[in-house]
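*Asks:* Okay, here's what each chain looks like letter by letter:
Number of protein chains: 2
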Amino acid sequence: MSTTGKCFVVSGPSGVGKSTVLTALLNKHKDIYFSVSATTRQPRPGEIDGVHYHFIDADTFRSWISQDEFLEYAEFVGNFYGTPKKYVDQAMDEGRDVILDIEVQGATQVIAKRPETVRIFIAPPSWEELERRLTARGTDAPEKIQKRLLRAKVEFQTAHTYDYLVINDTVESAVAELEAIMTAEHCKANERIALIDTK
Amino acid sequence: MSTTGKCFVVSGPSGVGKSTVLTALLNKHKDIYFSVSATTRQPRPGEIDGVHYHFIDADTFRSWISQDEFLEYAEFVGNFYGTPKKYVDQAMDEGRDVILDIEVQGATQVIAKRPETVRIFIAPPSWEELERRLTARGTDAPEKIQKRLLRAKVEFQTAHTYDYLVINDTVESAVAELEAIMTAEHCKANERIALIDTK
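These protein sequence lines map, in sequence, to chains A and B.
Each residue of the first sequence is one higher than the one before, counting from 1 in the working numbering.
Each residue of the second sequence is one higher than the one before, counting from 200 in the working numbering.
These aren't lab readings, by the way, just hints derived from the structure by calculation.
Treat the hints with care, since some could be wrong.
Restricting the straight-line Cα-Cα distance to at most 20 Å, the calculated cross-link-like pairs of lysine to any residue (SDA-like) are [as the list claims (entries may be wrong)]: (1) B/K205 <-> B/N389; (2) B/K205 <-> A/A176; (3) B/K205 <-> A/D163; (4) A/K153 <-> A/P125; (5) A/K18 <-> B/K285; (6) B/K285 <-> B/H253; (7) B/K217 <-> B/D339; (8) B/K284 <-> A/K153; (9) B/K352 <-> A/L195; (10) B/K227 <-> B/K352; (11) A/K18 <-> A/T108; (12) A/K6 <-> A/K153; (13) B/K352 <-> A/N190; (14) B/K217 <-> A/I193; (15) B/K387 <-> A/L195.
Quick look at which bits of chain B chain A covers, simulated, 3 or more residues with Cβ under 8 Å [stated by the list, open to error]: (16) 320 to 327; (17) 363 to 377; (18) 384 to 395.
Being a predicted model, the structure only gives us computed values, none of them experimental.
For each residue, glycine too, the CB sits at the ideal point set by N, CA and C.
With the rest of the complex left out, here is chain A (with noise of 0.2 Å):
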């Protein structure tokens, strides 16, 4: 049986520990690719191209636009930031499942082109505890942290679009969510059919 990779979309508001989730999950699965972004932004010192970013310059970024070689890019205070096609494609070809890390509206992008796409929402198990995890990391000021958790809110009020909804209890329980979500979606039987020979 041989199987091609899967896409998923991973989102989720500011402090529900996506990262934190989503490193224990490739930690423990060496074989998923977990897409890396192109920008037009310069390297900070210690950005390895290729590793954090594909750092690319404005007139190829626009050259790829215009190729539709990006699942989905954005513009950010002057930079771009894009999902480029090829090495997804390329993984999943290998038959690599692939984490793409974007924002809803990169979601929304991202389905408009590959429908197909499983889209995984991570919520924190209330509202109480993303205030209580925004205050205990120490670094923004009440106010920010109000503002914080109303962007939460507001990004969840999207998280209905989602297939899944992944609920950040603990490292543990969200990293066991995310693996079953993804052995699931290869038993899906409308693919998986294919695989078994009726002959």
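Let chain A serve as the given structure and place chain B on it in line with the hints.
*Replies:* Only chain B this time, still in chain A's reference frame:
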């Protein structure tokens, strides 16, 4: 967070190892309710009412049919067999997942009444492997094995109507796929979203 249980129909051709896989799953997860059928046939020695079957008389069975008390039912060599709704609903209300081990026609009846039921078809890794397993059991003559194999292929023609296809490569891998499917179904965004307090 409170959750209600979900209902899973599991079908699969004779010889595929469905009973072995389900027994392993149920031994691991004592909280899953494995639906017990009602029947009008006489108990065989050792069969316990409420454990192997709910043994009821033909009048009771007919009255349950007329009161729409069955998720599905059928007649087989003069006896009736059916899945009573009440035990399934009771378990789901208690938050327990329910497994119905029923064949393709029964599954169609369940879906007609409860479209939200998750359908899982258990398939062999290949027809060669199914033939090998049927032969290894040593209980059937070659012609009977060929007949079972043919019936398995006919049943497999309905597999595309199921949500998931679990491949019984090893008992462990099939159990892991069933566990993943059950977990993932509880992560479906449209239902789970109500569990997050959005105030």
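*Asks:* A separate judgement is required for each hint: does it hold in the structure or not?
*Replies:* Against the structure, the hints come out as follows:
For a cut-off of 20 Å, the pair hint linking B/K205 to B/N389 stands: about 14 Å separates their Cα positions. Restraint check for B/K205 and A/A176: the C-alpha separation of about 19 Å stays at or below 20 Å, so the hint holds. Distance check on the hinted pair: B/K205 and A/D163 sit about 17 Å apart at the alpha-carbon level, within 20 Å; holds. Restraint check: the Cα-Cα separation between A/K153 and A/P125 comes to about 13 Å, which is no more than 20 Å; the hinted pair holds.
A hinted pair counts as satisfied when its Cα atoms are at most 20 Å apart, and A/K18 with B/K285 does not qualify at roughly 41 Å. For a cut-off of 20 Å, the pair hint linking B/K285 to B/H253 stands: about 12 Å separates their Cα positions. A threshold of 20 Å between alpha carbons decides the hint, and for B/K217 with B/D339 the separation of about 18 Å falls inside it, so the pair holds. Between B/K284 and A/K153, the direct Cα distance comes to roughly 39 Å. Violation of the 20 Å bound is thereby established for this hinted pair.
Taken as a hint, the B/K352 and A/L195 pair is honoured in the structure, with Cα atoms around 14 Å apart against an allowance of 20 Å. For the proposed pair B/K227 and B/K352, the alpha carbon gap of about 30 Å is over 20 Å, so the pair is violated. Only pairs whose Cα atoms come within 20 Å are accepted, and A/K18 paired with A/T108 is accepted, the gap being roughly 18 Å. Under the criterion of a C-alpha separation no larger than 20 Å, the hint pairing A/K6 with A/K153 is inconsistent with the structure, at around 29 Å.
Only pairs whose Cα atoms come within 20 Å are accepted, and B/K352 paired with A/N190 is accepted, the gap being roughly 17 Å. Of the supplied pair hints, the one linking B/K217 and A/I193 holds, its CA atoms being roughly 18 Å apart against a limit of 20 Å. For the suggested pair B/K387 and A/L195, the alpha carbons sit about 26 Å apart, so the restraint of at most 20 Å is broken. Closer than 8 Å: that is the beta-carbon criterion, and the region 320 to 327 of chain B has 6 residues meeting it against chain A, so the requirement of 3 holds.
Residues of the region 363 to 377 of chain B with a Cβ under 8 Å from some Cβ of chain A number 6, which satisfies the need for three, so the listed coverage holds. Counting residues of the region 384 to 395 of chain B whose C-beta lies closer than 8 Å to any C-beta of chain A gives 9; at least three are required, and the coverage claim holds.
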